[in-house]
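Sequences listed follow chains B and U, in order.
Letter by letter, the first sequence follows residues 2 to 417 of our numbering.
Letter by letter, the second sequence follows residues 2 to 417 of our numbering.
Some hints here could point you the wrong way.
A pair holds if it fits inside one copy or across any two, identical chains being indistinguishable in the list.
Using 35 Å as the maximum straight-line C-alpha spacing, the simulated DSBU-like pairs for lysine-lysine come out as follows [unchecked claim]: (1) K207 to K74; (2) K379 to K6; (3) K76 to K394; (4) K165 to K13.
Please keep in mind that the hints were generated in silico from the structure rather than gathered at the bench.
Bear in mind the structure is a predicted one, so any value in this text is a computation, not a measurement.
There are 2 protein chains.
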Amino acid sequence: MAFVKKPVTGMKDILPEEMQVRDYVQNVIKETYRSFGFTPIETPCMENISNLSSKQGGENEKLIFKVLKRGEKLKLEMAECEADLVDNGLRYDLTVPLARFYSNNSNNLPSPFKALQIGNVWRADRPQRGRYRQFMQCDIDILGEPSNLAEIELILATTTTLGKIGFGNFEIRINERRILKAMAKYSGFSEEAFDKVCIILDKMDKIGREGVSEELQKEGFSEQSVKKYLDLFELTGDTASKIETLCEKLGDCLEEGVKSSLLEIVTSVEATKTADFKMVFDPTLVRGMGYYTGTIFEIAMPEFGGSCGGGGRYDKMIGNFTGNDVPACGFSIGFERIILLLLESGFQAPTQPKKIAYLIEKNYPAQKLCEVIKKAQKEREAGNQVLVARMNKNKKFQKEKLSAEGYEAFEEFFNR
Amino acid sequence: MAFVKKPVTGMKDILPEEMQVRDYVQNVIKETYRSFGFTPIETPCMENISNLSSKQGGENEKLIFKVLKRGEKLKLEMAECEADLVDNGLRYDLTVPLARFYSNNSNNLPSPFKALQIGNVWRADRPQRGRYRQFMQCDIDILGEPSNLAEIELILATTTTLGKIGFGNFEIRINERRILKAMAKYSGFSEEAFDKVCIILDKMDKIGREGVSEELQKEGFSEQSVKKYLDLFELTGDTASKIETLCEKLGDCLEEGVKSSLLEIVTSVEATKTADFKMVFDPTLVRGMGYYTGTIFEIAMPEFGGSCGGGGRYDKMIGNFTGNDVPACGFSIGFERIILLLLESGFQAPTQPKKIAYLIEKNYPAQKLCEVIKKAQKEREAGNQVLVARMNKNKKFQKEKLSAEGYEAFEEFFNR
Chain B
2 MAFVKKPVTG
12 MKDILPEEMQ
22 VRDYVQNVIK
32 ETYRSFGFTP
42 IETPCMENIS
52 NLSSKQGGEN
62 EKLIFKVLKR
72 GEKLKLEMAE
82 CEADLVDNGL
92 RYDLTVPLAR
102 FYSNNSNNLP
112 SPFKALQIGN
122 VWRADRPQRG
132 RYRQFMQCDI
142 DILGEPSNLA
152 EIELILATTT
162 TLGKIGFGNF
172 EIRINERRIL
182 KAMAKYSGFS
192 EEAFDKVCII
202 LDKMDKIGRE
212 GVSEELQKEG
222 FSEQSVKKYL
232 DLFELTGDTA
242 SKIETLCEKL
252 GDCLEEGVKS
262 SLLEIVTSVE
272 ATKTADFKMV
282 FDPTLVRGMG
292 YYTGTIFEIA
302 MPEFGGSCGG
312 GGRYDKMIGN
322 FTGNDVPACG
332 FSIGFERIIL
342 LLLESGFQAP
352 TQPKKIAYLI
362 EKNYPAQKLC
372 EVIKKAQKER
382 EAGNQVLVAR
392 MNKNKKFQKE
402 KLSAEGYEAF
412 EEFFNR
Chain U
2 MAFVKKPVTG
12 MKDILPEEMQ
22 VRDYVQNVIK
32 ETYRSFGFTP
42 IETPCMENIS
52 NLSSKQGGEN
62 EKLIFKVLKR
72 GEKLKLEMAE
82 CEADLVDNGL
92 RYDLTVPLAR
102 FYSNNSNNLP
112 SPFKALQIGN
122 VWRADRPQRG
132 RYRQFMQCDI
142 DILGEPSNLA
152 EIELILATTT
162 TLGKIGFGNF
172 EIRINERRIL
182 KAMAKYSGFS
192 EEAFDKVCII
202 LDKMDKIGRE
212 GVSEELQKEG
222 FSEQSVKKYL
232 DLFELTGDTA
242 SKIETLCEKL
252 GDCLEEGVKS
262 SLLEIVTSVE
272 ATKTADFKMV
282 FDPTLVRGMG
292 YYTGTIFEIA
302 MPEFGGSCGG
312 GGRYDKMIGN
322 FTGNDVPACG
332 FSIGFERIIL
342 LLLESGFQAP
352 TQPKKIAYLI
362 EKNYPAQKLC
372 EVIKKAQKER
382 EAGNQVLVAR
392 MNKNKKFQKE
402 KLSAEGYEAF
412 EEFFNR
């Protein structure tokens, strides 16, 4: 069969330059999250296909890379549909595997359990700039904590991490699924229409208030209801007063305690944050995944159009899998977007060791070679990076290439 | 569909305790290899199925997890065999992807190129203790270096890393494919019989000299040839004198330069090593993969029956893929075996931060909560790990569990 030089469609090779940035960012993420008490875990990249097809994953379930059954289990001649051929699939996110992990291991885990996952996921999406079919996700989740302490810790941990990587002047946009529901109810929309209303509301930043109004009316909602609904979004003042104004308007339509909990999150984070960012209440924030039950949030970077990560509370998801509800809340950093932003800004990972290259002439005698290697070993012990390499015929070109890689000192060894 | 709690057959969830050891070992590996001038790279976990079915992978090619074609490309009703259904597969090692990576990116890589890869591979092997269907490999390779400087650097880098992790009193067994070939030739075995002879020789440690003799004669080799062959393995003295004795006996059957190169590797490594290990010449060392062309080596740990890693020179492999030979040599650490040994020995990662738990009574007022979080943020800035959690009803049990996780200091916050 022919040899294919390119990586699989939509996936990419990662070269040394990018790996340096990725490794650095991963280390900052791990260390910072660890300081907040999150502990790393890992699940296999493959999941039982029935776990991936449970309707929790929404649109992502259409994008699964499926794995063929092996050996005697594969009965090609009897297969009537795709499902007969596959037993496993590659995970499309880290949340479904976390729910399975928790249900499988909860006896051996503390409560609350604060998990950190950094791992690849796969989606057979249409490839486009900055979007790949294999990409890294970086999630923190708190399982078993019903109070808003979970939200506060997640937002503080994520923003502290972003600050340490060097990001500033960004926003954390926050909203509540229960506020979204109350707004729909207040305006006279039926409960069944809620998902449809959210899908249209989600386009606000692209089509504006007028566009949303038109689309809602096209769906059959009355002009009056739509106006009542859209007027709710007209809020002024700071984040806290916007929350207060809207929640008071919603009155009995809104569940008790939502307002005070949301205010607590915003004020606690603002009072204890270490990074340069703002908490912003955004009643148009929807977030796609249907499994969210409470708070939802998103990172908005001025340098980047879309969101650079997000999360929220999903108190019913583990119960859907296992039958027993477990309060859960998570925050995911868009790792690939963060890396893209850093690479485009010419970011250099700080605290590099000194890079030294020893170039050794061909036929350098073995006895003397030992002395050179001993010297290299000493430099390495001292924390420096030493490359021991044969001198190329075109030494000038070799040194130019090494300089471009960051080698700053050269020593040459000749057989004289 | 039913929800499955267990991981996919033969794969495993990695819990916090093991992750701590894995993360620590990975960091030592990365830092040490980096000090030797190896640069991390990554390739996608999936490869084009034709690259994985090129016969380079030997037996592993039978163990591939294959990925189903997607969308219109999957024509189930027209499929006659498995090959019609799949376009990609999960990689079974890191060497085939490295060869593809190099042929795809060599214009942007230095020469010689020293690559470090740490990544998962998949093999649908029969699951057994300590062997999983998803496991981590950790490979270093030097591409473009024809001289034995590659072997010296690979062995030094690997053994320095093992030493830093805490391993000592181990052996690096070394041999040469060309010596194996010369021994077969010297004994009168035909060139075509070479692979068969090697497969039998490989059993020496299990069935002994007598067993090997019997099996060779069963294959039709004369008693005289077999005796001549097996007598070659009777060597005394230190590593260097064993190599000299054997190579002199082999005379013209052995390619020129093999003896001096092997001696150079052994003496250079012994003179410059930093870890506690011995270089041992082992003429029975075969190593399965057919692609090796020169030196081969293996790590033998006293604590572990089999090999804990190995490698060798494979100067023809990249050429088999691309048409242009590139000298290549690699060394792979058996990451999962190393971790298993460490876990079984009760290994604890050194230099842990201080772990502090703040337990907060339910209904603790928001205003005062901010003060607690501020305090936690300060501790985190100072390098400590702080868990902020709600106090459970059974506080004693909660603290016991946290102590077991390594939390050594507790502070409790009551609403009084």
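- Message: Run through the hints listed earlier and report the numbers of any the structure violates, in increasing order.
- Response: 2 and 3
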